[in-house]
Amino acid sequence: MSSAIAQVVAGSAFVIGAALLAWRYELGLARPLVTAAVRAGVQLAAVGALIALVFRVPVLAIAFVAVMATTAALTSGSRLRALPAARRAAAVAIAIPALSATVILLAVGAFSWTPRAAIPTAGILIGGAMSATTLTGRRLLEALDTGGDELETRLSLGDAARRALAPFTRQAIQTGLIPVIDQTRSVGLVALPGTFVGLLLGGASPASAARLQFTVLVALLAVELLSAAIVAELIARACIRPGERIVLPAEAAAAPPAVAPG
Amino acid sequence: MGSEGDPVGLEVRELSIARRGRAVLRGASLTVRRRRVTVIVAPSGAGKSTLLRCCNGLLAPDSGEILLDGAPLASLEATALRRRVGLVGQLPVMLHGTVAENLAYGLSEHDDRSERALTRALEEAGLDAGFLARPAQALSGGERARVALARALTRGPELLLLDEPTAALDGAIAARIGETLRRLAHTDGLGILLATHDLAFAATIADDAVALRDGRAVEGAPDEVLAAAEAAARAGRSAHAAPTSEAAP
Numbered sequence: 001m002s003s004a005i006a007q008v009v010a011g012s013a014f015v016i017g018a019a020l021l022a023w024r025y026e027l028g029l030a031r032p033l034v035t036a037a038v039r040a041g042v043q044l045a046a047v048g049a050l051i052a053l054v055f056r057v058p059v060l061a062i063a064f065v066a067v068m069a070t071t072a073a074l075t076s077g078s079r080l081r082a083l084p085a086a087r088r089a090a091a092v093a094i095a096i097p098a099l100s101a102t103v104i105l106l107a108v109g110a111f112s113w114t115p116r117a118a119i120p121t122a123g124i125l126i127g128g129a130m131s132a133t134t135l136t137g138r139r140l141l142e143a144l145d146t147g148g149d150e151l152e153t154r155l156s157l158g159d160a161a162r163r164a165l166a167p168f169t170r171q172a173i174q175t176g177l178i179p180v181i182d183q184t185r186s187v188g189l190v191a192l193p194g195t196f197v198g199l200l201l202g203g204a205s206p207a208s209a210a211r212l213q214f215t216v217l218v219a220l221l222a223v224e225l226l227s228a229a230i231v232a233e234l235i236a237r238a239c240i241r242p243g244e245r246i247v248l249p250a251e252a253a254a255a256p257p258a259v260a261p262g
Numbered sequence: 001m002g003s004e005g006d007p008v009g010l011e012v013r014e015l016s017i018a019r020r021g022r023a024v025l026r027g028a029s030l031t032v033r034r035r036r037v038t039v040i041v042a043p044s045g046a047g048k049s050t051l052l053r054c055c056n057g058l059l060a061p062d063s064g065e066i067l068l069d070g071a072p073l074a075s076l077e078a079t080a081l082r083r084r085v086g087l088v089g090q091l092p093v094m095l096h097g098t099v100a101e102n103l104a105y106g107l108s109e110h111d112d113r114s115e116r117a118l119t120r121a122l123e124e125a126g127l128d129a130g131f132l133a134r135p136a137q138a139l140s141g142g143e144r145a146r147v148a149l150a151r152a153l154t155r156g157p158e159l160l161l162l163d164e165p166t167a168a169l170d171g172a173i174a175a176r177i178g179e180t181l182r183r184l185a186h187t188d189g190l191g192i193l194l195a196t197h198d199l200a201f202a203a204t205i206a207d208d209a210v211a212l213r214d215g216r217a218v219e220g221a222p223d224e225v226l227a228a229a230e231a232a233a234r235a236g237r238s239a240h241a242a243p244t245s246e247a248a249p
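Heads up: the sequence lines are chains G and H, in that order.
Under the numbering used here, the first residue of the first sequence is numbered 1, with each subsequent residue one higher.
Under the numbering used here, the first residue of the second sequence is numbered 1, with each subsequent residue one higher.
Simulated from the structure, these hints should not be mistaken for lab results.
One or more hints might be untrue.
[What the hints assert, rightly or not] Output of the computed footprint for chain G on chain H, the stretches with three or more beta carbons under 8 Å from beta carbons of chain G: (1) 56 to 68; (2) 74 to 87; (3) 132 to 144.
Values in this document were obtained by computation on a predicted structure and should not be read as measured data.
Glycine residues also receive a C-beta, built at the ideal position from the N, C-alpha and C atoms.
Could you build all of it, start to finish, from the sequences and the hints given here?
Put into structure tokens, the structure is as follows:
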């Protein structure tokens, strides 16, 4: 049996085993498990075919990365609905750090200027940026939603609006970075990351795989921090009104913009 | 004690503001004089808190204006305005840290941040120096209310806005806070604007009184305003108890 057939058979066996287990314990997850697996298979087959096309026509790589960034922005934006123009904010917070870092990594020669290198690199960085944007944005919006009294207290005590918001944004950024910090700290100890595994399976030496994985991980740290900071800044800007006033996103959506006192 | 000739601190002119789509204030006008305690009485939801927050610059009115010593609030630097016009909210929020850190929060090197100054502010609010080192977020509701008052005082305000300051206090402590507020007005010269629906407390402290009705402010002699508020509250209670009576809409 060829390795390709063996991979499909083994994968299918795992899905069937998991579905049987879910059915046996009446978890109600048998159908979702199978559906998710089939969907993943179809999506990966489509992406594989698309990437094969991109490899033949390299200029399509730009469109491919643009689609990834747009999808990430739409996904993250849908999680930040309380924020006006959430999708645009998510697009800025994701695209600027992720694409800048991709270009820097390619420009300094860390990866080659080929679709084969650029697409996975951009994909990893866009995915990380999306995660940080969503986590930070949601945490900040939730904190502002419940922290109106504290914000007013800080303003009443003479804080400028930006200073009053600072503890909220700081806390949200810290929360947004927990996954990538934990991932970086535990790399190789808890799980072998995807880039490393992919390179090993592709025939690279362990030293080369480790070096590239390290580069991606530290780039991710910087990208996610920047994404978190950008989305926090955009949310803060959406809250601040003239006269050092703060209008919370939910309140702003329910009322017309505040005007300066007469 | 102050008199009606005392200088005007805050002047609210034809103030209107809607909150969450509902008109809360509709052309409210009133005056807050220095050296006097002005009490606003009104039922819950009548716009007392909204009015106080407008006076502190936290909310921008839809129309009308507020003057501080004759200058429109819009022309003043917001952070400086809020130090000059202190606000103690209805739900006093304690920031993370000790009581001393709360009292000193936001004070600059030009302010008196000494332990003596913080203790003096605490004592004004009816607490002693033993509270300075206590974690502020572990205080009871009444203690928080008093620390919030002390925290506003450490900024050396010229005017003080208080939203239901006795809501979490027992009678004896409320009376002591009342004495402090009267002394701050009559001796130290502060102008105080205090919103409450505790009419008994209001009667002990008011130099001037204002009732909020249908979004408008009705100024008058304290005994008249408080008597009218008491009658309105009684009518409201009767209507609530007997919804078929004539008083019920």
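Numbered hints the structure breaks, given as an ascending list: When the structure is compared with the hints, only number 3 turns out to be violated.
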